[in-house]
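Throw the hints in and build the complete structure from the sequences for me.
Chains A and B are the protein sequences, given in the same order. Be aware that the first sequence starts at 816, since it is given in the numbering used here, and climbs by one per residue. Be aware that the second sequence starts at 455, since it is given in the numbering used here, and climbs by one per residue.
Please note that a few of the clues may not be correct.
Unchecked claim - Rough simulated footprint, nothing fancy, chain B against chain A, three-plus residues with beta-carbon under 8 Å:
id, region
1, 922-930
2, 1020-1032
3, 1074-1080
Keep in mind the hints are simulated off the structure, nothing from the lab. Quick reminder that beta carbons are idealized off the backbone N, C-alpha and C, glycines included.
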Amino acid sequence: MKLHEFQSKQLFARYGIPISKGKVASSPEEARAVAKELGKPVVVKAQVLVGGRGKAGGIRLARTPEEAEQIAEQILSMTLRGLPVRRVLVDEAVEIQAELYLGLVIDRARRRVVAMASSAGGVDIEEVARTAPEKIVRVVIEPELGLREYQARTLAAGIGLDRALWTSFTQIALALYRCFEENDATLSEINPLAVVPGPALLALDGKMIIDDNALFRHPDLAAIRDEDEETLAEREARKYGISYVKLDGSIGCMVNGAGLAMATMDIIQLYGGRPANFLDIGGGASAERVAAAMRLILSDPNVKAVLINIFGGITRCDEVARGILAAFDIVRPRVPVVVRLVGTNEEEGRAILQGAHGVALHTVTTLVEAAQQAVRLASDASHPE
Amino acid sequence: MSILINRNTRVVVQGITGREGQFHTQQMLEYGTQVVAGVTPGKGGQWVLGVPVFDTVREAVEATGANCSVIFVPARFAPDAILEAADAGIPLIICISEGIPVQDIIRVRAYLDRQGVRLIGPNGPGLITPGESKVGIIPGHIARRGPVGIVSRSGTLTYEVIAALSQRGIGQSTCVGIGGDPVPGTNFVEVLAMFEEDSQTELVVLIGEIGGTEEERAAEFIATHMSKPVIAFVAGRTAPPGKRMGHAGAIIEGGTGSAAEKIAKLESVGIPVARHPEEIPEIVAARLGIRS
Chain A
816 MKLHEFQSKQ LFARYGIPIS KGKVASSPEE ARAVAKELGK PVVVKAQVLV GGRGKAGGIR
876 LARTPEEAEQ IAEQILSMTL RGLPVRRVLV DEAVEIQAEL YLGLVIDRAR RRVVAMASSA
936 GGVDIEEVAR TAPEKIVRVV IEPELGLREY QARTLAAGIG LDRALWTSFT QIALALYRCF
996 EENDATLSEI NPLAVVPGPA LLALDGKMII DDNALFRHPD LAAIRDEDEE TLAEREARKY
1056 GISYVKLDGS IGCMVNGAGL AMATMDIIQL YGGRPANFLD IGGGASAERV AAAMRLILSD
1116 PNVKAVLINI FGGITRCDEV ARGILAAFDI VRPRVPVVVR LVGTNEEEGR AILQGAHGVA
1176 LHTVTTLVEA AQQAVRLASD ASHPE
Chain B
455 MSILINRNTR VVVQGITGRE GQFHTQQMLE YGTQVVAGVT PGKGGQWVLG VPVFDTVREA
515 VEATGANCSV IFVPARFAPD AILEAADAGI PLIICISEGI PVQDIIRVRA YLDRQGVRLI
575 GPNGPGLITP GESKVGIIPG HIARRGPVGI VSRSGTLTYE VIAALSQRGI GQSTCVGIGG
635 DPVPGTNFVE VLAMFEEDSQ TELVVLIGEI GGTEEERAAE FIATHMSKPV IAFVAGRTAP
695 PGKRMGHAGA IIEGGTGSAA EKIAKLESVG IPVARHPEEI PEIVAARLGI RS
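Quick look at the structure:
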């Protein structure tokens, strides 16, 4: 689960990290009031969970409250990469002397949290990693010890930071680590961490990703989840314990197991089609689950054919076949359906599927056949004779 | 021979009185696995399917000599269950539970490293040594004994490959599901090293997916440390970046983890990568010199 910039910065502030002064606004009038209250030029920033807001015109400077209102009106009517901008952050504009990067990430290969800093802040850290990897300094954190002061100093020295700022940098890094650990983040970053006149350090932008698996112990964070992060169908799927990701092809997929679901999408593409979704139905494949999955798949108007690919291991294929037929009575597919059942009792399963009425059902045995058949049916539907 | 488990493995099931635990205990017993004990705090003294239940793993180990644990408890209790097993002296822990927070696993794994305890999973199907023992949830009847080692980040996709190999007359030495989490207890490289040393294993099938750099590191290890042939498959060529595909670890993020990069790396060191799962048995048969 991603946090917005303003949510991340509020959290940072609670840990004692200095952040720029400002408030979130959901209307142009509110933006104007915030700007007036700050009494200085402000930066109006779209609060939307995608990267590249600046390049898309979602971050702009306003010199007066009136200008802030106008700009907020424009930004609040924008859609960035498909996501509507519902709120803007109105922050005091500051004089920036230098932009640094400070972040914490999970290093999967090392099985450790790693702290990273760079003197090249203000741009995407992945871009820096590609173009100037020598500008990134890392320290590996032992879970029992946490980030230590000497490690934070190693980062400060490594990025050539002015010694006058080391104490402040170290305090910020340690606070960011506490914030990361206590909130079960998988990513926390301050980018840019600005050097402002004084000199002093100020977190101008922040990003946090919270581990979905840990939300059960962070009800406060779960409550502020932005529903725009997921589509309606993805949210609906989650209720049924189904993993669903919408894609833009025409062949709906219903598969048990995440790996097999990806392999099914891939083979559709290999045979010239395009998958409409990723869908892992989870264990069991009962009638209710199959029906819920079918409803999700058919809610996408682009779907021209459905491919059901189930490996019956412990749940036998005959049980799965009965579940599929019962599901068709609840949700009748409007497009042809290709079913591949393999594993335990697969022949019995296929025989049961022969009893389907009122559905254009095609049973196949191999994955290649399944893909070829689904691709053909979807393309027939798109180009009727 | 085989790796990790064989007919002498003595298994304790943590969470044996739960629905999943009980169901899979029955499946394991039917397969011939020596399930010697179960643990559910507060239910010590009961019996499940003829297996004695204990309150703690320590009691179970003292009474039965269990040397392997399989965990079926809900995710929020799983880190504790793993630590309890390690503390009781169990050297091999298989965790089936899905949904453990990644920072918990990092802490747990750091402790296990110091104790010299091996963890397989979490969020995986466990493992099977055909004809001897299965620990976890892999359907037993699809596997048959033979020369192919399988290591995978997936569940049903692995079953699919096991079944297809068996149908083609090609058996397996041991099949290991390392799980779909971003930080697995045991990684590809560690399992590959075990297969390299195993006298029964002649060839290894590696089933990867998007996310992280496990496959890339496996490719480097195979190129520099392995004499046995390895065949690979990587799921998720069509997965979009930034979206989690079911498994917590299956996500292309921060510019790494795409299937294309993994496939390119594997192929660059001469490892054949199947385009789809049904190609695997044919490639394996050709490598082993088996004719249809």
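Tested hints:
1. 922-930: Since 5 is at least three, the answer is holds.
2. 1020-1032: Since three or more residues must qualify, the claim that chain B covers the region 1020-1032 of chain A holds, with 6 doing so at under 8 Å.
3. 1074-1080: holds (count 6)
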